[in-house]
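Protein chains in written order, with this note's numbering: chain A, 1 to 263; chain B, 1001 to 1481.
Any given hint might turn out to be false.
Said to hold, decoys possible - Facing chain B, from chain A, some residues (calculated, C-beta under 8 Å):
no.: 1; residue: ILE60
no.: 2; residue: ARG85
no.: 3; residue: PHE92
no.: 4; residue: ASN100
no.: 5; residue: LEU101
no.: 6; residue: ASP105
no.: 7; residue: LEU108
no.: 8; residue: ARG112
no.: 9; residue: LEU117
no.: 10; residue: PRO120
no.: 11; residue: LEU130
no.: 12; residue: LYS131
no.: 13; residue: THR176
no.: 14; residue: LYS179
Because the hints were derived from the structure by calculation, they are not lab data. The C-beta atom is built at its ideal place from N, Cα and C for all residues, glycine as well.
Chain by chain, the residues:
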Amino acid sequence: MAESAHNLAPLLHVDHVSRHFGGLTAVTDFSLELHRRELVGLIGPNGAGKTTCFNLITGIYPPSSGHIRASNHRIDGLSPSAINRSGIARTFQNIRLFQNLSVLDNVLAGIRRRGQLGLPRTMLRTPFFLKQRHDARAEGMELLATLDLAAHADQLACNLPYGQQRRLEIARALATRPKVLLLDEPAAGMNPAEKERLMQLIAFIRDRFDLGILLIEHDMKLVMTICQRITVLDHGEVIACGAPAQIQSDPRVIEAYLGEPTD
Amino acid sequence: MQSKKSDSSLAEAFDATDLPSGAGTLSYSNLPPGRFRFGSLKANLPLPILFALLIPLSMFVESDVVGDYYRRIIILAGFNIILAVSLQLINGFSGQFSLGHAGFMAVGAYLAAYPAMNYSQHFADPFACLLFYAAVAIVFVVAGTVLFAAFLLIRWTRKLYQALPMILLIAMLIWAMFDFARASAVTVGNPPKYYIWWHGADSLVRLFAWVTTHGRDAAAHLSAALPTGMVEPLSFIVLVLGSGACAGAVGLVVGMPALRLRGDYLAIATLGFAEIIKIIIRNSEPLGGALGLVGIPKYTNFAWLYGAALVTIVVIWRIAYSPRGRAIMAVREDEIAAAAIGIDPTRQKVTAFITGAFFGGVAGAMFAMHEHSITPESFGMAKSIEVVVMVTLGGLGSISGAILAAIVLTILPEFLRNLSPTLADFRMVIYSALLIVMMLLRPQGLLGGREIWPWRRFRNPDPVPTEDRDDYQGSDETKPD
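My request is simple: use the sequences and hints to build the entire structure.
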């Protein structure tokens, strides 16, 4: 699987991207490739610039230098919504659901269908509009069922327990039919059993929806088990990149996490 | 599905009992649009019936059974319903706190009253009104294109030096101010060629005059060809829709920069906009200055007004409870998350703002053609706040709440006036006290984000049928793969 995927253009290609805020350099020379059905981990100590990388890819702020391509289309400098429309979806470290909308509405907000947003059709309630609305709703329920949330479809998002809110965020991102999914610490605040289950879910949706997934996670054990490749960031720089086994034995990574050896 | 699963050893390890096994296959309904013809009819058939109901109601209201006093209260409630419902879309659904609704009302009122008095000879010439709005539109597009091109050019200079756009903008503002100030001091003839701001404005005025004078005869001929019964209602409709569109255009111009602001800052910006409109009108000679316009032909009656209110409610209801409305509400809930799932926040906010402004303008136009005379003071901050109070009292995000609050707050002062002669003097004190008590007891408003019907919070107007839902939760075996 991996060999055939690598022959195609990468789904996401981050090419020597840097970003500074005034004098502070948040990310320097960050490069990354993500292919179809690949699960890549992005790890690093706190404040290493992992979330900044996500924000750069999803256009929350544009890179100061470097290029970002999604399936060979330049996406750096586009607005966040345009970047999402070119096939990149994300979740957030601190959950950002539409708290006062129902669970189903949260997912439906991400589903794009022709004839749904046009004002004349909206006002006239044409058969085509109703059909599209019905189909979108069926699609949304399908997605909720995939993530085991269908029973809660009518609840307000803010009333869900924490773990389900995390899953709803993933469902909402999947509703936009992305090719690349960026998950920002999806297992934060979960107990080991929940984490285990979430990691299985991530591998599952990657295969079901044929995604490339980029994952920020602090739990080493989990990252090492499910990721094919891992990129390690420290102080905004890539200090290591490769297979989990390689990363585990990399002296620079150990140094970044545990400090310099003193002997 | 089995083959998909065996592709990856990771997915194989995944325990299938934990998640529904059929997930991810595209089995959602894909019925042809024809199947929804009945639903479309079912949604739209009640509308003609509702409008037909206006006829007996209007006969009742216009009859002697309802006196002038009560008729006036009913009419005022109608204006307030349109204003409150349209502001509900902006404040309640898109969550952009606007304090400038009276400004849109003023634009609508004056841009309906002016052509009604000067172009149409008391509703005799609908096409002349249309010509007036066409001329306004042409001037708007020309000026907008030039200014937008200038804006893009200025924004581009950011690439040369970061602070350059701001410096250029301020310099241009000062230049324009001096230009107009010095040019107006030149009393004889035109100012010299280098007063380009003055000349720009002047050429726009001349463009406007050229369009209206050259089209006048054609418009008169077209109007003369109309059947006599149609002339007056058609003029009225053109005036109402035209001035509504002008208010919408103003909403676009105000909204584009102002909607970048949040919360209190946006409220102050919109408040400032409403004041600017008021001051422009107060100092504008053709619009009557501080004395206002007197002698506007009267045409608005119960049927027209409540017809317009019905249209407003239906349109805003349908926008609010549709995918478009969901996008608007998503932006209200979390702008960054909405952008991350492909919703353009600016677009949704501006759509809501323009739609609200349009109906604000419609209310203003109808108000002008009911009142005989209008002054800038009718559209002051007090009016804006009155509408905001209605929206907040009704409950943010509830259309029926806005309607209810508009009716209650129109009747309440009059009710207090009639209660007893001693209370009459204190009626505004009691009114304010009641508002305070109301907000203490129900801070979420009368209906608190719900509708009277269906009584569910942010409900789906027609939820997925239960049999579908059972299908999703159940096993996948019965579904064709």
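Inset, instruction - Quick one: which hint numbers does this structure break? Sort them smallest to largest. - result: 10 and 14
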